[in-house]
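A.B. asks: Sequence:
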Amino acid sequence: MMLSNLGYLKKILLVSAVSWSWVGAIRAETPTPPDQPVQALTLHGSAKYQSNKKPFTHFDYVNPNAPKGGSIRMAASGTFDSLNPYVNKGTPVSGINLIYDTLMEQSHDEPFSLYPLVAESAIRAVDNSGIIFNINSKARFHDGTAITAEDVKYTFELLTEKGHPFYRTYYSDVAQVNILSTTSVQFLFKHVNNPELPFILSELPVLPKKYWESPDNDFTSGSLKIPLGSGPYEVSDVDNGRSISFSRVNNYWAKDLPVNKGRYNFDQIRYDYYRDENVALQSLLAKGYDFRLENSAKNWATAYDVPLVQQGELVLEAIPTRNPAPIQGFAYNLRKELFKDRNVRKALSYAMDFEWLNRNIFYNSYVRSKSYFNNSGMEATGVPTGKELELLEPFRKDLPPDLFTKHYTVPETDGSGNIRPQLNEALSLFEKAGWTLSQGKLLNNKGERFKIELLLTQASMERVALPFKKNLESMGIDFSIRSVDMSQYIQRIRSFDYDMIVVGYGQSTSPGNEQAGYWGSLAADTQGSRNYMGIKNHVVDAMIDKVTVADTREELTTAVRALDRVLLWGEYIIPQWYIPHQRLVYTNKLKHPQSESLYSIDLYSWWIDEPKKSLASASKEGTVKSKTTSGSISGSNQSNTSYIAGGTLFLLALFWFIRRRKQA
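Numbered continuously in the working numbering, the sequence shown closes out at residue 691.
You can take every hint at face value.
The calculated lysine-lysine pairs, modelled on DSS-like cross-linking and capped at a C-alpha distance of 27 Å, are: (1) Lys-116 <-> Lys-180; (2) Lys-397 <-> Lys-424; (3) Lys-478 <-> Lys-468.
What the hints contain is simulated information worked out from the structure, not anything from laboratory work.
Model the full structure from these sequences, guided by the hints.
C.D. replies: Below, the structure written as structure tokens:
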């Protein structure tokens, strides 16, 4: 599941006009009396903050008394030319989702539970044929107008009809949207076997109908015109392509609701854009901004042995994460004839020497990716058995025989740099696919040379790609690396104009409908989709269907493992690496709550404190002050942030919004 706020609720609003059976007080093991102030949606099990014993006043992981004030500056990569993250045009600016509220808000200390924000309650059909959202009568846009059911319906229709193609796929199981009253809206589903659908609808942003219906505002264009929002911040300044500033809305309608207590504490939030990561790093070390998610192992190991860190003015913090780690890798474009043969794709994977890279470039800080769902507990392991085997058995003739008898493994080396055995294995696979090494060139039966272009937009990835290039060239492959600016890169990615790119996919604790956008056949031909590889595999589609209809956690885990196994044996990417924690660097004026291990720590639960004087003891010792706590930054995708298309800002903005609204 993807995507990612409400106060004391007076009553559960029941809609008597509905002609089918509904259940109130959204899934709870004990029904919640109407006057109780807690409601929640949870996909599996019970919600932590839905209890008859303890009123929900704030999330446990925030400081409800956190001081308000101050400003935070952050860095963004590349440039931007749009304030609209919902369309497939332009490059949206970072942080823009701060100006929007969603129907419900996700907690960060549960796998997947949502609590009311714009919707003060929701009523699910007992048979999962639909859901009703009851709008908080206090919900307001920034111009003071009320948020109504019409705005919710309008938003849904706007996104699915004129928004990014992703939305049409994501919400494809919605059959109808009905306005029941000014404050009640009903979604009817095409099928009853998509238990995730109520949850992804709960995270729908609400856009103002009146504003976007005006002829002065074109939703379909990427524009720098400041839109009307409803969230905790509003845009205060825009410098085209260079920076954007947000100001906290003092009369924000939801500021005192439980999901927002202790959050959104900064008066000002600013993003400055840097075209080069090295320039961004130097700016941080010159106090140019306040917070950085460090994705470079080299930087983490060597760049911060400086007085600012030694004296405590910059804090280094490694935060373990309970979130699944992203899958990152070199991705083939299967739309190209060159990559149609699975033997070719597997052969190419032998040229990536992770063990050497980790030892010589990454300071042994990374773990090899061996699953599309790393660190989730849902990885495919061993051989399929039991329920998983039952899912896969009907497709045995369409799957590699080894899938049923062998554990999937990625090529491994001894780390010395000598990978002759691996390259020999690769050449054997190439021969099976009709490619032979002749006079130092890998040729097909037409005498055509094997030729690949790796498309990049970030210089830091080149040092990783160069050893890969060297190994490929030793097998006679003409391998080139092409780095382009971000605007060119985005256009080529959207139109699938590449041989190979570096991709990254973050996964949630509850995978679901978004998987169709990643690997589904329909997405393969949809420009702007995240099916970068162009996977068209009916078995993958069938396993995605099993994931989306899973009723229990056990069923979900089984289906995800089956999907993972089919993807791995499909050899669609060369898996790279991940880190089991987040690496943060921030100025010591920033403070955050000390909390138990979280699925994601919300940066907006942090606050500003006056910087302390240099730490004399640290200065004398000349040591780096480094802390380790638990949790992870909201929506962060580890090295994915650094490497996924090197800055495909539109795609990242869309993905981050869906996965965790209002991320840093």
